Structure formats: structure tokens, C-alpha cells
Amino acid sequence: MMDLNLGRERAPLLHGSREPSVIPSLSRRDFLKICGTMAALLGLGASAVPRIAQALEEAAARRPSVIWLNFASDTGCTEALIKASYPNAAQLLLETLSMDYNETIMAAAGEQSEEILREALKRGQYYLIVEGAIPTKKGYGMIARREMIDIGKEFAAKANAVIAVGSCATWGGVPAGDPNPSGLKGVREALGVESINLDLCPVNEGILVATIVDLLLTNRIPALDSSGRPKIFYGQTIHDQCERRAHFEAGRFVERFGSREEELGYCLYKVGCKGPMAYANCSKFRYNDRVSWCIGAGAPCIGCSEPGWVDKFAGFYERLPGVRVPGIGGVEAGADKVGVAAGAATAVGIAAHAIGTGLSGRFKEKAPSKKAGKAPEKGGGSR
Amino acid sequence: MTRIVIDPITRIEGHLAIEVEVDGGKVKDAWTSGTLFRGFEMVLKGRDPRDAYHITQRICGVCPTSHAHAAALCLEDAAGIHAPDMGRLVRNMVEGAQFLHSHILWFYHLAALDFVDVVAALKAEPREQSLKDVQARLKRFVDSGQLGPFANAYWGHPAYKLPAELNLLAVAHYLEALDKQAQASHISAIFGGRMPMTMTTPAGGSVHIPTVDDMANLRPRLLEIKEWVERVYIPDVLAVAPYYLDWAAVGKGPASFLAWGVFDDPSFDGKNRLLPSGIVTDGLTVKEIDEKAVTEDVTHGWYRDGAPVHPSSGVTEPEFTQWDVEKKYTWAKAPRYGDRPMEVGALARMVVAYAKGHPTAKRLIDDTLAALGVAGKPEVLFSVVGRIAARALETKLIADAMVEWSDAILENIKKGKKETFTHYTVPARAQGAGLWEAPRGALGHWNQIEKGRLANYQVITPTCWNISPRDGKGIRGTIEQALIGTPVADPKRPLEILRVAHSFDPCLACTVHVIDPVSNEVYKVKVA
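Residue numbers (our numbering), protein chains in the order written: chain A, 1 to 383; chain B, 1 to 528.
Misleading hints may appear alongside valid ones.
Label pairs and their in silico Cβ distance ranges [said to hold, decoys possible]:
| no. | chain 1 | residue 1 | chain 2 | residue 2 | range |
| --- | --- | --- | --- | --- | --- |
| 1 | B | T2 | A | R145 | 55 to 61 Å |
| 2 | A | E255 | B | G452 | 17 to 23 Å |
| 3 | A | E255 | B | T285 | 49 to 55 Å |
| 4 | A | E189 | B | A428 | 55 to 61 Å |
| 5 | B | S144 | A | T218 | 34 to 40 Å |
| 6 | B | G485 | A | N219 | 21 to 27 Å |
| 7 | B | K451 | A | P326 | 56 to 62 Å |
| 8 | B | K161 | A | R146 | 54 to 60 Å |
| 9 | B | V426 | A | R260 | 21 to 27 Å |
| 10 | B | T2 | A | Q54 | 34 to 40 Å |
| 11 | A | E189 | B | K161 | 48 to 54 Å |
| 12 | B | K161 | A | G192 | 48 to 54 Å |
| 13 | B | D339 | A | L121 | 45 to 51 Å |
| 14 | B | T285 | A | E154 | 50 to 56 Å |
If the Cβ cut is set under 10 Å, some of the chain B residues that face chain A in the computed set are [unchecked claim]:
| no. | residue |
| --- | --- |
| 15 | A182 |
| 16 | E419 |
| 17 | I475 |
Footprint (simulated), chain B over chain A, 3 or more residues, beta carbon under 8 Å [stated by the list, open to error]:
| no. | stretch |
| --- | --- |
| 18 | 31-40 |
| 19 | 80-94 |
| 20 | 151-163 |
| 21 | 277-289 |
Think of the hints as simulated: they come from the structure by calculation, not from any bench.
None of these values were measured; they are calculated from a predicted model.
Idealized CB from N, CA, C, for every residue including glycine.
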């Protein structure tokens with residue numbers, strides 16, 4: 001291991017003789033590249049690039065106000081936000097938007113941060129982003145000695161648009177899993193507003209940024225599915241867009257982790273992948289500068305794009321019932337419980353576009369709960 | 001006497017409030033409150049033990065990989081297995097990248113603004129073109145009147161001491177570090193699929209099999225961060241520290257330190273980890289850990305009262321009454337190690353390593369003490385300055401180790417030693433412990449499996465230790481103790497309180513947990 005060389009490194013910095021390392025301002029070329037990437041992520045052609053550039057430049061000139069309220073969360077969605085690449089966190093938070101309130105990053109605290117909130121409420125004209133679920137039991141979630149639900153209602157009422165980021169904000173998330181000890185609810189249910197729901201746990205940073213850019217571009221709420229998710233990002237199953245789909249069709253599966261089949265990138269359905277029932281474009285947007293995504297890295301999807309996923313898909317390494325598997329010549333056990341037959345000629349017994357048809361809801365009712373096969377309890381639930 | 005309440009404390013993870021009593025310009029008493037309850041352990045009960053890997057990650061979006069790995073180790077302990085060597089290396093890389101991410105983010109984006117006056121950077125007269133550019137951007141930003149995340153802070157407070165040039169340099173590096181923290185997370189994602197929330201390293205090892213492609217993607221990112229830590233992060237700490245040396249005498253706390261240890265070597269023994277397990281008390285007296293010495297007390301938390309007991313046998317029920325610092329004032333419990341509150345985190349790990357004679361930790365710390373003009377006085381580390389320095393030095397130590405681990409992975413690939421996963425059967429009845437570290441400190445998971453399902457699951461997170469309230473004997477928690485004696489120049493702008501609180505890098509989402517009142521049978525926990 002290298003020595004610190006403290007003396008050598010310290011002196012130039014203090015005396016300014018070494019050109020410090022800083023990020024240069026964004027060049028025009030890089031800016032257009034970002035706009036090009038964004039156009040592609042929004043499913044728009046090259047002709048949209050100048051429009052996106054214009055929308056971002058107009059935004060940069062006035063920097064629309066964003067109030068980001070963090071409730072019963074683990075801050076994973078703020079963490080996701082600062083991984084964004086197109087544009088990146090500095091460009092987005094400091095140069096395009098005015099992130100006026102976000103407890104995780106803001107300099108002000110206590111009375112001074114409360115003052116920012118009061119002024120924002122007076123001023124209005126902000127986008128509200130909610131991260132985290134909303135506790136409905138008194139005392140279970142407080143900021144500045146106020147109930148989170150009261151703060152949420154107050155700010156949702158005056159917002160230009162409300163974006164709920166991540167599972168917690170859309171439906172309650174993991175801590176709302178059975179028995180939901182804090183009575184957590186999502187934004188729509190707890191605050192009674194029509195939020196744009198960006199499911200996934202955490203939100204995919206590309207989807208979040210693209211949603212914001214789309215709002216700046218169109219000034220309209222995008223087309224949403226019955227769960228409040230933008231159809232453009234959540235319209236198809238992960239399975240239908242999966243890079244391993246060809247292996248599924250050919251009946252080539254990973255049976256054991258760490259195996260030769262895994263090395264060859266075979267389908268993960270048999271080791272628990274929930275891709276056939278999960279609606280999101282993870283395979284397209286990928287994560288973290290688009291270096292990878294769950295299935296890409298060899299991990300079965302846990303279905304975190306779906307409301308209620310933590311109970312609905314519990315047994316994350318158990319095979320998803322109701323999927324007709326090629327090469328086996330039949331439907332896997334459990335299909336009858338789900339009762340969904342694929343109309344399509346594909347081998348998959350799950351309709352590709354369940355959203356809006358109520359299919360997801362039906363699955364939710366009939367899917368085996370995590371309680372199935374559970375050891376008997378003395379009281380369960382508690383309280 | 002003045003009472004000050006700071007609620008919310010910002011630039012941390014989660015929901016924390018601090019109340020202090022100030023007399024004669026110094027803090028005389030302090031209370032820390034966690035203000036959110038989620039009850040993860042209740043959600044875990046009855047589930048497939050393998051699912052804890054994914055569920056516990058949602059306890060904390062800042063350190064999900066630490067929960068992932070504590071959960072994986074916990075189930076591996078119950079099943080009596082270890083990951084193969086490649087699995088171990090992949091975990092170390094995913095975890096290591098998270099530490100780099102977390103420490104860079106903490107220093108530049110969470111803590112630095114307590115010491116760097118952003119607005120005062122406009123007064124600098126830089127000679128370098130790149131700094132002139134940053135200053136021009138900053139000026140446009142401030143002139144717009146929309147200060148965004150920098151609005152309404154304590155700018156101009158007399159406790160800010162840096163010269164304008166250094167303020168400007170720090171602002172420039174704040175921007176640059178936004179990119180570096182993301183780069184570090186991208187390394188986690190190359191092996192883990194995404195970050196936050198890692199996907200590939202459950203009990204058994206790694207389901208991802210590293211490839212040469214991974215390494216080609218990863219190595220430039222890692223080397224870039226490693227160089228940046230050496231050339232920018234550590235020099236920045238050393239440049240700023242001389243202006244705040246009086247903060248080496250503030251924020252001491254109980255001066256007792258606990259580390260479960262992190263980053264396994266092939267022995268899978270906590271004592272042999274890159275950062276080893278251990279307890280340091282009474283100066284630099286070091287002992288091995290005895291996990292059974294841990295108790296939790298709920299006298300001042302919003303839980304039904306009970307005697308302090310080991311987490312595996314506590315009887316606790318959430319019960320919000322009212323906020324009263326004389327009675328109950330937090331959702332946090334009070335963990336104690338042999339009746340003592342403990343400090344956990346980078347400082348605890350580095351102090352334990354130092355006291356155990358860890359050669360790299362010793363050299364890094366001794367060099368730093370010499371550079372700050374306090375050679376041979378490691379006790380100055382028990383302070384706000386010490387925590388800042390410890391995180392920076394640990395970042396370098398881990399970045400260096402990651403280069404070695406990535407070499408080892410490449411070597412394994414070349415030799416065809418690709419086994420990443422140990423197959424196992426979930427035991428019908430067993431118990432396990434997963435003792436590990438998050439960037440913020442010692443993290444413990446305990447499970448109990450009955451009929452192949454989780455009958456009980458317990459988590460004690462780092463911030464549980466640090467933001468502990470008083471216990472039944474009235475002994476203050478770690479941050480509460482650290483706050484006492486902190487100078488407060490202006491009660492309306494309590495910047496100094498933030499410095500002490502931030503030095504612990506609190507993470508509140510992690511903190512609040514509960515033991516299910518129904519099924520908590522007494523069981524003996526094995527020490528990993």
C-alpha cells in the first residue's frame with residue numbers, strides 16, 4: 001500500500017500552485033449529447049433533441065422550484081437521484097432545477113429549514129416530490145413536531161404536480177409489508193392526490209430524471225396506467241424486454257446459482273425471477289450510468305415495480321407460479337391458482353399488457369401470500 | 001440557560017431532532033430524538049429466511065449493501081456455511097465501493113457545509129482558470145436569488161474560519177465529489193446490478209460470476225477514485241483541519257469504541273478482517289468483542305417499559321405517549337455494552353485497528369497526527385476532527401484494499417477459479433448472527449429460524465449506538481455526551497451543534513427497530 005505523502009500533497013493545495021481538479025462547465029456538445037440520450041430514453045426521435053435542449057435551457061433560466069419531502073423512507077431514492085448521469089446530479093439539482101427543500105442535502109436546518117418550507121407554501125408554483133411512505137398512526141412519523149401526513153397534505157394541495165418516487169411513496173413499500181406496523185400508506189391513498197407514481201425500489205434514476213424532463217418539455221402529466229405509473233416506462237413486463245428472453249424461449253435456464261448456465265447468461269426464471277409479472281423498463285434504462293441492472297448481473301428480479309411486491313412476490317427465490325415454460329411442455333405448478341391464460345401465441349402465460357385491464361389486481365388477490373407455508377404463530381400481527 | 005431545539009437536523013439520513021440546554025455559551029445538556037418508526041423486524045417475521053437479504057436492505061438506502069451482507073452472513077451462520085473465495089471477494093468489492101461512496105458523500109455534501117462558507121467563496125481571488133470558472137458559476141447561482149440547497153444556511157456565522165480561497169476550492173470539490181460518489185456506486189452496481197439496493201450477494205456468496213469485462217469496466221473507475229482520494233479528499237481534510245484545530249477538543253463523547261469488523265479475509269474470522277473487530281475503552285485499551293455483553297434499554301424510548309436485556313430476549317412494544325425529554329423522547333432504544341454507551345463508526349474502526357497495531361491504520365494515523373502537529377497524541381482523535389480524519393483515512397485504506405481484491409478476482413478468473421456460490425439448504429430450525437460494519441459503524445443481524453421460516457429477526461444498527469437516548473441509570477447516549485461542552489456562539493444559528501451531530505454521520509432510517517412482543521423466546525446467539 002502507498003504512503004500518504006502528506007507533505008507533498010498538502011503544500012500545493014494551500015498555495016494554489018497546482019491547478020485544482022474541478023469539473024469544467026458543461027460544453028455545448030456534452031449538453032446536446034445529454035439531450036440526445038434523454039430523447040432516446042423518452043422514446044422520441046432525433047427531431048426532439050432541439051426541443052429538449054430548449055426546454056432544459058428555459059428551465060435553467062428560471063430554475064423551477066422543487067420541494068422534496070422525505071417521509072417514512074430509507075433515503076434510497078435520494079441516493080438514486082444523485083447517481084443520475086443524463087443529466088447528472090450537479091446539472092440537474094443546481095443548474096436546471098431549484099432544489100429548494102430536501103433534508104438530505106440542504107444546508108439549512110431546524111428553524112431555518114422550516115422557514116424555507118413556509119415560504120415555499122406561500123409562494124406555491126413548485127413541483128412536489130415525495131420520497132417515503134406516510135405513517136397514519138399518530139406519533140409514528142414527525143418532522144419539526146408535526147405529523148408527516150399533515151405536512152404532506154398541506155404541500156400536495158398547492159403543488160404544480162406531485163411525483164411519488166419509489167415503492168414507499170407509491171403504496172407504502174417494504175415497511176408496509178405485512179403487518180405494516182406503522183400503518184404506512186402511499187401518496188395517493190394518504191394524501192388524496194393524483195400523483196405520478198414512479199415505482200421500483202429504489203426509483204430508477206433514469207426514469208425519475210426522464211419524468212422531470214418530460215414535465216419540463218410538455219408541461220403535462222404523462223399518460224398513466226391504473227397504478228398511476230407513466231405508461232412509457234411501465235408499459236411492458238421486464239420479461240418481454242429482457243435480454244435473456246431468447247434463452248427462456250429456447251428452454252435454457254439457470255438451475256443453480258454460480259453454475260455454468262449462469263456464466264452463459266441463461267434465463268433466471270427457475271431461480272425465482274419475477275420478470276414475467278413486473279412492469280418496468282429496467283432492461284432498457286439499466287442503472288448507475290447504465291453499467292448494469294438486476295437480471296443483467298445475474299440476479300432474479302424481485303418484482304419491485306409492482307404495488308404490494310413485498311408480500312405478493314415474497315419467496316424471492318421461489319419460482320413464480322403461472323408461467324408456461326418452454327422445453328418443459330407444461331405450465332408450472334400454481335398456474336391454476338393464478339388462473340391467467342395467455343391469449344398470445346407466446347409460451348408465457350401472462351398477458352403482456354396487464355396494466356389497465358385489472359389483471360394485476362386479480363393476480364394480487366389470488367397470489368399466495370407470504371403466510372402460506374408459514375410456521376404457526378402464537379398471536380401474529382401484534383398490537 | 002437557553003433551550004435550543006433543532007428539528008429537523010438536515011444533511012443526515014432520516015429524521016433526527018436535537019434539543020440542547022446552553023449556559024454561558026456552552027452546551028450543558030442534550031437530548032437526541034429519532035422521530036420515525038417503521039418496525040422492520042415485525043415485517044420480517046414469518047418470511048423465507050433468504051428474503052431477509054432483500055428486505056433488510058430497505059432499512060437503509062444509504063448503506064443497503066451492509067444490511068445485505070449482515071443478512072447474508074447471518075443466514076450463512078445459521079446454515080453453517082461460508083461463501084467461496086470469489087463470493088467473498090465480490091462482497092468485499094460491492095461493500096468497499098459503498099464505503100467509498102458513503103464517505104465521499106458524507107465529507108463533501110453532508111458535513112463540509114458546517115465548515116465551508118459557500119457564499120464567502122465569492123470573495124476569493126483565485127489565480128487558476130478552473131477556479132475562476134467555478135467562482136463565476138457560483139456567482140451566477142447566488143445572483144439568481146435562488147440558492148436551492150444552499151438557501152437560508154448559517155453563512156457568515158463567526159464559527160466559519162476558512163480563508164476565501166479555501167472556501168472556493170471546497171465548493172469546486174463539492175461539485176466534483178458529486179461525480180465521484182456516483183462513480184463509486186457504479187462500481188457496486190457492476191457486480192451488484194444496481195446501487196442503491198444490491199442484488200447479487202445473498203447467503204451462499206455471489207450469484208454474479210465476475211468477468212474480464214467487469215474488470216475492464218471497473219478498474220478505471222476504481223483507480224480514478226483512489227487517485228482522487230489521495231490527491232483531493234485527504235489533502236482537503238489536511239488543508240481545512242488547521243483552521244479548526246480547536247474542534248479536536250470538542251465532541252469527545254464516551255470515548256469507548258465498538259467495531260464488529262468488516263471485509264473478510266479467507267479465514268472468515270472477525271479478528272482477521274481488513275478492519276478488525278474489537279472494543280477500545282479507557283484510553284487505548286483494546287479487547288476482543290463479546291457480543292453477549294450487549295443490552296438494550298427502553299426507559300426513554302416510546303416503548304412499553306421493561307428491564308434492559310440482550311436484544312435476542314427483549315420484550316418490547318411500541319407505544320407513543322408524548323414527547324417529554326424528562327420521560328420519553330425518541331423512537332430509538334439505548335444499546336449498551338457492559339453498561340456503557342459505545343461510539344461506532346469509522347473512528348471506532350480506525351481506533352480499534354490502531355490499538356491492535358494494524359500496520360496500515362497505524363501508519364496512516366501517525367502520519368496524519370504528525371502532519372497536524374500533534375504527533376504521538378492519538379487521543380486528539382476522540383473528537384469532531386478525529387471523526388473527519390478517520391473517515392478520510394479509512395477511505396484510502398479501503399480504496400487500496402479494493403485494488404488488491406480486484407487483482408485477486410482477475411487472478412481467479414485467469415486460473416478458472418470461478419466458484420462463487422456455496423449451495424445450502426435453509427435449516428428447519430437454527431439461529432445465526434451476522435456481525436458486520438456499515439460505513440456508519442457496527443451492524444448486527446440476528447435471526448431465529450423455526451420450521452424453515454423466520455421466527456424472529458433482530459437488527460442493531462450503527463446509529464442505534466450513536467443516537468441512543470439516556471438509559472435507565474440516566475447515563476446519556478453517545479451523541480448526547482459528545483454534545484456537552486460544545487460552544488454555541490449564537491443560539492438562533494446553532495451551527496456548532498450540527499458539527500458535532502454530523503461528525504457521527506447519523507442514519508436514522510436504520511435506527512428504529514422493534515422486537516416483536518409475541519414470539520421473542522430467549523435463545524443464545526453464536527458469535528460470528
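query: Are there hints from earlier that the structure breaks, and if so, what are their numbers?
result: Violated hints: 1, 4, 5, 6, 7, 8, 10, 17, 18 and 20; rest satisfied.
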